[in-house]
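Following the hints, complete the assembly by docking chain W onto the known chain R.
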Amino acid sequence: MAQMSRRLVAAVSVVGLYILLELLRRTGVIGAYWAQVMDLSLIITISAVGLSLIYGFAGQFSLGHAAFYGIGAYTAGLITKTLGGEIHWYVVALAAGAGAASLVAFLIGLPILRLRSDYLGIATLGFGFIVKVLLDNSDKISPTLGGARGMLGIPQMTTFPWVFWGAVLAVLLVRNLVHSSYGRACLSVREDEIAADIMGIHTTRFKTLAFVLGCGLAGLAGGLYAHLYSYLHPQSFDFLRSLDVLLIVVLGGLGSLTGTVVTAIGLVFLQEWLRGILPRDYLDWRIVIYAIILIVLMIRRPQGLMGGREWSLRILVGGDPAQIVTGKGEKGRASA
Amino acid sequence: MLQVRDLQVRYGAIEALHRVSFDVQPGEIVTLIGANGAGKSTTLRAISGLVRIAGGQVIFEGRDITREKAHRIVALGIGHVPEGRRVFADMTVRENLELGAFLTPPEKVRENMERVFERFPRLRERQNQLAGTLSGGEQQMLAIGRALMNRPRLLLLDEPSMGLSPLLVQEIFEIIQEINAQGTTVLLVEQNANMALSIAHRAYVLEAGRIVLSGPARELRDHPAVRSAYLGEAARAG
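From first to last, the protein sequence lines stand for chains R and W. If you count by the working numbering, then the first sequence holds residues 1 to 336, one letter each, in order. If you count by the working numbering, then the second sequence holds residues 337 to 574, one letter each, in order.
Next comes chain W alone, as it looks inside the complex:
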């Protein structure tokens, strides 16, 4: 579904990604794990056209999207839930969702919103509330719901667990699994490696802009290097 080949991204003189390659098959949950600054978010931002790609290729459903603009990539079926949620704080929940459906034909909007409300009943309760007044967990739900409004086939999730209580993290990850079970492919970026590996099918470990390990999530969970580097922290914190 998604092939990333030798992806290179530079911020000025600094090379953030050195020839990163991976792929995502239809129906999978794939996770990129790694420490702060490893290049996880940059990878997602490169895929959805928010940062300029210096080299390599991104292919989505057989189509080269390396040079496509961000708004075109959304139209092709990739949804992005950004780091820090980035909900429109001064707009209501409903208006946020409506913006998520910006490219959706008007007659489909009601139906899609109903689906999002079924998935997130709390958003329905708070549909007329300003998004900035929601709790962190609710904002994360809104950010995911907003990305789902356009019915993406591939969903990019950037640190959905950030700043949430363990209980809420659990809830969000269950929702991600449900979304995936209903046919949306998921590419998940997480610092919380433990949680990410528990729901993912496959995983890649990023370190300083390079993929250093990859494999089925279950195997990586037991991998000694991963355990000491990422799970030690996560296990204690979680």
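Extracted from the complex, chain R is given alone in its bound form:
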């Protein structure tokens, strides 16, 4: 009963937020520029939620997230550019972008997910470079992809409802997974892989599951991104972009979904705000600012902003605050 009403409150709040934002955009309170920043922040959120699942929950250190984002973007862009900008091709393109990223994640995951943390980081880093080089030379495969000059002429189809509901879907998907027995298994792999093994948990399978799903979300985000700006460049998918997403997940707190969402949105807005106040030649200084934020936060709050906890609507509904931490186990059991 209490859970029902909580869900209802959550659903009503999300719809309410959507209507509010849509109204603010339509009435021009949020201008075109900031509206686009908002769209981008939600796209980054989808990608970051994917990495949150991979690294924050399943503990698999990936430095190549932007590569999967790029695979999704180029796959989706190629489809609508060649087949046309109708809505059904757009949907196909988004699905194909997510699917392609998942498929590649599955194929490279098979060998590399056997590696442990630092080695996995190096392997995914290498993979990211390979994808970047491939994208730089993609015009050799097909002139449509544009190579190092970038890919132009992708129909502009991504609108606010798509990114907003895409982000809601991504969060719901990961949240439900984390609270299921599958999520429990992923968490145990993160905590102690050997202990997970002797619980009878097929560790390779759960690592692969988290990796494939998380990269699929990056691919979906890439597809949305391609149709937001209608222009893709390999530079947008290099190592630094992987680092941005990693930064979001770590800053937000490993194992905190709300932390990831808040940090993703916050960081994109921070970046745009810095673009406004920093002189043009000093724009690259934002990376230094990120680094300083990261260092200060790691000294002050090594567990991240949220430190594995979640903000929950239960606080609004008046649930017992203590239950927010321990209640997780009860629910995990129910679906186990």
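If you're looking for bench data, these hints aren't it; they were derived computationally from the structure.
FRET-style restraints, in silico, Cβ to Cβ:
| # | chain 1 | residue 1 | chain 2 | residue 2 | range |
| --- | --- | --- | --- | --- | --- |
| 1 | W | R408 | R | N137 | 40 to 48 Å |
| 2 | R | L177 | W | Q465 | 21 to 29 Å |
| 3 | W | R408 | R | R275 | 48 to 56 Å |
| 4 | W | G468 | R | T144 | 51 to 59 Å |
| 5 | W | S564 | R | G126 | 53 to 61 Å |
| 6 | W | E450 | R | E22 | 48 to 56 Å |
| 7 | W | P362 | R | S5 | 50 to 58 Å |
| 8 | W | E447 | R | P111 | 40 to 48 Å |
| 9 | R | L172 | W | R408 | 29 to 37 Å |
| 10 | R | N137 | W | G468 | 44 to 52 Å |
| 11 | R | P302 | W | Q506 | 34 to 42 Å |
| 12 | W | R487 | R | P302 | 38 to 46 Å |
| 13 | W | E447 | R | R116 | 30 to 38 Å |
| 14 | R | R6 | W | G472 | 36 to 44 Å |
The model shown is predicted, which means the values in this text are computed figures rather than measured ones. Even glycine gets a Cβ: it sits at the ideal position worked out from N, Cα and C.
Below, chain W alone, put in the same frame as chain R:
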């Protein structure tokens, strides 16, 4: 119940186990004793599929499990309480137990947890506490309780006495005996040879990856070589 034949394990160029053979009969407590680095833990890890077996055979209830993966071996009925306990420190006691029942059908979980709580009342009291905040003895109980959640027929115990006070060691070993009395076969690895031999039916002595002695636990206790090599230390420490 368990037959280990000519078991060989290598870590790189180093051979950790040289053709180790032993067996465990249903209902027994069998112990492997030996010094640090003799290969006791490696033997357990090989049985439960955590390290690759280079040669030989492991047969459980008539079935060859030499090449089985760790998670399959758990499903077949072998529970492993690892060295150093390895409880999930950031999860609650209850969540740890639930993970122990990962392969158990949902309708059995409540019943199994009740049994574990009856055996370890302290775990019931602390079920909502994070496992990392438990004392060493409680963590050991949790590690054993977690392995029991899946109702294994064979329980592998790796150094359950490690880092515990003599009084707690006594308590843990009594619990192991009770678990065994209720029908679970136990393969126990211990450095505390004195305690291990006092509850085991049979024992094997491992030295540098080889079995050098074996026999009924009572006889090994009186064996001059065992007394001087292992019990001298243990008697003084205990």
